[in-house]
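Letter by letter, the chains look like this.
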Amino acid sequence: MSRAGSFSLDEWFVVALARTIRDEEVTFHGFGSPCAQVAMHVAKRTHARRMLLVEGATYACNPDPPFIPPTGNDASLQRGAAYRMRFEEFFDAAIRGDVDRMFLSGGQIDGYGNTNVTAIGTDDYPTTSPKVKLGGGGGGCNLAATIGHLTLWTTRHRSGRALVQHCDFITDMGHRTPAGSRSELGYSGGGPQWLVTELGIFDFDTEGDSQGAARLRQLFPDVDVETVRAATGFELRVAPDLSSVRPPSAAELAVLRGIDPLGVRRSEFSAAELRRTFSYSASGRCQC
Amino acid sequence: MGFHLDPDKRVPLDRAATLVADGALVALGGGLSARLPMALVRELIRQGRRRLHVVGSAHGIDVDLLVAAGAIAVCEESYVGFEQDLGLAPAFRRAAERGTIEVRESCCDTILMQLRAAEFGLPFLPVRGVRGSDILRLHPEYGEVRCPFTAETLVAVPPLRPDIVLIHALLADRQGNLHLEQPYVLDERFAAASRNVVATAERIVGTEEVAAAGITIPGHLVAAVSEVPFGAHPSSCYPAYAYDRPHLADYVRAAAAGDGELACYLDRFVTGVPNEEGYRKVVGEEQLSALGRWSDSTKVWKGLFT
Numbered sequence: 035m036s037r038a039g040s041f042s043l044d045e046w047f048v049v050a051l052a053r054t055i056r057d058e059e060v061t062f063h064g065f066g067s068p069c070a071q072v073a074m075h076v077a078k079r080t081h082a083r084r085m086l087l088v089e090g091a092t093y094a095c096n097p098d099p100p101f102i103p104p105t106g107n108d109a110s111l112q113r114g115a116a117y118r119m120r121f122e123e124f125f126d127a128a129i130r131g132d133v134d135r136m137f138l139s140g141g142q143i144d145g146y147g148n149t150n151v152t153a154i155g156t157d158d159y160p161t162t163s164p165k166v167k168l169g170g171g172g173g174g175c176n177l178a179a180t181i182g183h184l185t186l187w188t189t190r191h192r193s194g195r196a197l198v199q200h201c202d203f204i205t206d207m208g209h210r211t212p213a214g215s216r217s218e219l220g221y222s223g224g225g226p227q228w229l230v231t232e233l234g235i236f237d238f239d240t241e242g243d244s245q246g247a248a249r250l251r252q253l254f255p256d257v258d259v260e261t262v263r264a265a266t267g268f269e270l271r272v273a274p275d276l277s278s279v280r281p282p283s284a285a286e287l288a289v290l291r292g293i294d295p296l297g298v299r300r301s302e303f304s305a306a307e308l309r310r311t312f313s314y315s316a317s318g319r320c321q322c
Numbered sequence: 609m610g611f612h613l614d615p616d617k618r619v620p621l622d623r624a625a626t627l628v629a630d631g632a633l634v635a636l637g638g639g640l641s642a643r644l645p646m647a648l649v650r651e652l653i654r655q656g657r658r659r660l661h662v663v664g665s666a667h668g669i670d671v672d673l674l675v676a677a678g679a680i681a682v683c684e685e686s687y688v689g690f691e692q693d694l695g696l697a698p699a700f701r702r703a704a705e706r707g708t709i710e711v712r713e714s715c716c717d718t719i720l721m722q723l724r725a726a727e728f729g730l731p732f733l734p735v736r737g738v739r740g741s742d743i744l745r746l747h748p749e750y751g752e753v754r755c756p757f758t759a760e761t762l763v764a765v766p767p768l769r770p771d772i773v774l775i776h777a778l779l780a781d782r783q784g785n786l787h788l789e790q791p792y793v794l795d796e797r798f799a800a801a802s803r804n805v806v807a808t809a810e811r812i813v814g815t816e817e818v819a820a821a822g823i824t825i826p827g828h829l830v831a832a833v834s835e836v837p838f839g840a841h842p843s844s845c846y847p848a849y850a851y852d853r854p855h856l857a858d859y860v861r862a863a864a865a866g867d868g869e870l871a872c873y874l875d876r877f878v879t880g881v882p883n884e885e886g887y888r889k890v891v892g893e894e895q896l897s898a899l900g901r902w903s904d905s906t907k908v909w910k911g912l913f914t
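One line per chain: the protein sequences are A and B, in this order.
Per my numbering, the first sequence runs over residues 35 to 322.
Per my numbering, the second sequence runs over residues 609 to 914.
Please keep in mind that the hints were generated in silico from the structure rather than gathered at the bench.
A hint or two may mislead.
[Stated by the list, open to error] Covered stretches of chain A, going by a simulated chain B footprint (3 or more residues, C-beta under 8 Å):
#, segment
1, 115-121
2, 155-167
3, 177-190
4, 205-213
5, 298-312
[To be verified] Restricting the straight-line Cα-Cα distance to at most 20 Å, the calculated cross-link-like pairs of lysine to any residue (SDA-like) are:
#, chain 1, residue 1, chain 2, residue 2
6, B, Lys907, B, Leu896
7, B, Lys910, A, Arg291
8, B, Lys889, B, His855
9, A, Lys165, B, Glu705
10, B, Lys910, A, Arg190
11, B, Lys910, A, Arg113
12, A, Lys165, A, Asp134
13, A, Lys165, B, Asp614
14, A, Lys165, B, Glu894
15, B, Lys907, A, Phe101
16, B, Lys907, B, Glu894
17, B, Lys907, A, Lys165
18, A, Lys165, A, Gly194
19, B, Lys907, A, Asp98
20, A, Lys165, B, Gly695
21, B, Lys910, A, Lys165
22, B, Lys910, B, Leu896
23, B, Lys907, A, Gly114
24, B, Lys910, A, Arg300
25, A, Lys165, B, Leu896
26, B, Lys907, A, Gly194
27, B, Lys907, A, Leu296
28, A, Lys165, B, His855
29, A, Lys165, B, Glu710
As the structure is a prediction and not an experimental result, all values here were calculated from the model.
Built from N, CA and C at the ideal position, the CB exists for glycine as well.
Work out the full structure: start from the sequences and follow the hints.
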């Protein structure tokens, strides 16, 4: 845990995820997603008090958990929820378009926001056995079609293996795949809106020739563009108004530390990333 | 196959497990680390079941242990693993990478729609997504359908009618009425779509008590029920007990090491004990009762997970 007045990268990262949620959105995270899970509770307790928070594996509506556990369907995640959806209630709502945002990650993510959580090391799985069989996509390959907006994230951008030119396997569709664009496939959801990594934040072009392509918008202050370029498998496009990620507020940090006393968010980061700490300077600007 | 109307469906666990044949299409209740039908899974391994085709939503040690024991030919889940906390499922991953099991990875919502097609007695239902995903490559059985009203093209999926579903309940009565606590995951849908439901329960009690708690799955869908305390361990069965994270971590370590260490786990906890009473003894009464004390305080609850 960081000292008062300072904070760690994992904390800042979760706050950055939380800020992609707008107030009054119906928001959902998949299981095995501690950063997104903590982020939703931070948003609910700060800038998005009227959001409907649907827990990823219990489908509890607006629970008030005493802590975030290391598993997605623990009873602690139902505490304080007046209503818990059934599995099918949630999926039906998402497919008919009543869910506004979902968080999605992947072992691989390409420049159009397609994600791979299925298999790595062969591009013709299942004909050829993969080098690594990942766990699988849960409900993503239907949910990604119709949910309003997707916030993607990865904590392994620096490895060079996470943001790739092409996914070996597309589990969940982003903006465009060899099968076509979202509109060509009749998908009503907006697709990936943000991609948050431990190096910076991307958005996706909404029009023109580059529609649906990722674009670097914000950097963490201890990272430069060349570091991002070297770690990114697709051609890096940088927004003309590239800026620094806004530091977390004291209120956001307090809520985050309160809701995640077990530090489950930290399980997503390498030891080196967890050593990145920041503090507020006298001018209120962030220093590394 | 119609409803099951016997007034008394109580059987010992080993007899319940005989309802699962070699090569059967078996659905698994519960999900991730909650209410997995572990006593039935262990008994199937003790009985040497082979070539199972297993379906489910998001699963963990239930599928991984069956794969480790060589009981599975085909895996059709949306996810098999131990979440961010404990990572990939070691035996499942190894078997998939070596090609010794066939993985027909699916999507929670697709499975839901396939179960509904079976429940509704329909030859298919359309799903909204899947196009544009390589999941299509894993399912040559899917088709396409053009909507007669809107002219949209949608993926059509066939009914999923498991031979049997394995469910662990908190409470049951002798007729097989089951009370589950949420999340029910797909248990209700599996129960309605499958030919047979085989259940274990923490306690078999009078019908009045199950009805007062709320009947989640009616007895007429259930073929057999067996009382097995801690029948979901090392997954949770709230409010009776939380999941056993240290046990799962030990399992994942042993399964990742493979060979001798994995054989050792299987011998110690599954094949080397004659039944679930033996299993509970090896796990230890102290450990099991500690999992039941989650409700003492938030501190105790958190302490179970660190």
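Going down the list of hints, with the structure as the test:
For the segment 115-121 of chain A, the proposed coverage by chain B is satisfied: 3 residues have a C-beta within less than 8 Å of a C-beta in that chain, meeting the threshold of three. Check result for the segment 155-167 of chain A against chain B: holds, 7 residues qualifying (beta carbon to beta carbon below 8 Å, three or more required). For a cut-off of 8 Å, the count of residues in the segment 177-190 of chain A with a CB near a CB of chain B stands at 4, and the three-residue condition holds. Note: the segment 205-213 of chain A has 5 residues with beta-carbon separation from chain B under 8 Å; the three-residue rule is met and the coverage holds.
Counting residues of the segment 298-312 of chain A whose beta carbon lies closer than 8 Å to any beta carbon of chain B gives 3, which reaches the threshold of three, so the coverage claim holds. Restraint check for Lys907/B and Leu896/B: the C-alpha separation of about 18 Å stays at or below 20 Å, so the hint holds. For the suggested pair Lys910/B and Arg291/A, the alpha carbons sit about 15 Å apart, so the restraint of at most 20 Å is met. Of the supplied pair hints, the one linking Lys889/B and His855/B holds, its CA atoms being roughly 14 Å apart against a limit of 20 Å.
Distance hint between Lys165/A and Glu705/B is fulfilled; the C-alpha atoms sit about 6 Å from each other, no more than 20 Å. The straight-line distance between the Cα atoms of Lys910/B and Arg190/A is roughly 28 Å, outside the 20 Å bound, and the hint therefore fails. Proximity of Lys910/B to Arg113/A is assessed by CA-CA distance (about 14 Å); at most 20 Å being required, the pair is judged to hold. Between Lys165/A and Asp134/A the CA atoms are separated by roughly 35 Å; this puts the pair beyond 20 Å, and the hint is violated.
A C-alpha spacing of about 50 Å is found between Lys165/A and Asp614/B, which places the hinted pair above 20 Å, so the restraint is violated. Distance hint between Lys165/A and Glu894/B is unfulfilled; the C-alpha atoms sit about 41 Å from each other, more than 20 Å. Among the hinted pairs, Lys907/B with Phe101/A is consistent with the structure: their alpha-carbon atoms are about 10 Å apart, no more than 20 Å. For the given pair, Lys907/B sits about 18 Å from Glu894/B by alpha-carbon distance, which is consistent with the 20 Å threshold.
Restraint check: the Cα-Cα separation between Lys907/B and Lys165/A comes to about 42 Å, which exceeds 20 Å; the hinted pair is violated. Restraint check: the Cα-Cα separation between Lys165/A and Gly194/A comes to about 17 Å, which is no more than 20 Å; the hinted pair holds. Simply put, Lys907/B and Asp98/A have alpha-carbon atoms about 16 Å apart, close enough for the 20 Å limit, and the pair holds. Restraint check for Lys165/A and Gly695/B: the C-alpha separation of about 16 Å stays at or below 20 Å, so the hint holds.
Between Lys910/B and Lys165/A, the direct Cα distance comes to roughly 36 Å. Violation of the 20 Å bound is thereby established for this hinted pair. At most 20 Å may separate the alpha-carbon atoms for a hinted pair to count; Lys910/B and Leu896/B meet this at roughly 16 Å. Between Lys907/B and Gly114/A the alpha-carbon distance is near 17 Å, which keeps this suggested pair within the 20 Å criterion. Restraint check for Lys910/B and Arg300/A: the C-alpha separation of about 16 Å stays at or below 20 Å, so the hint holds.
As the CA atoms of Lys165/A and Leu896/B are separated by approximately 38 Å, the hinted pair breaks the 20 Å bound. Straight-line distance between C-alpha atoms of Lys907/B and Gly194/A comes to about 40 Å, which puts the hinted pair past the 20 Å bound. A C-alpha spacing of about 11 Å is found between Lys907/B and Leu296/A, which places the hinted pair at or below 20 Å, so the restraint holds. Taking the CA atoms of Lys165/A and His855/B, the gap is near 28 Å; set against the 20 Å cutoff, the hint is violated.
Restraint check: the Cα-Cα separation between Lys165/A and Glu710/B comes to about 15 Å, which is no more than 20 Å; the hinted pair holds.
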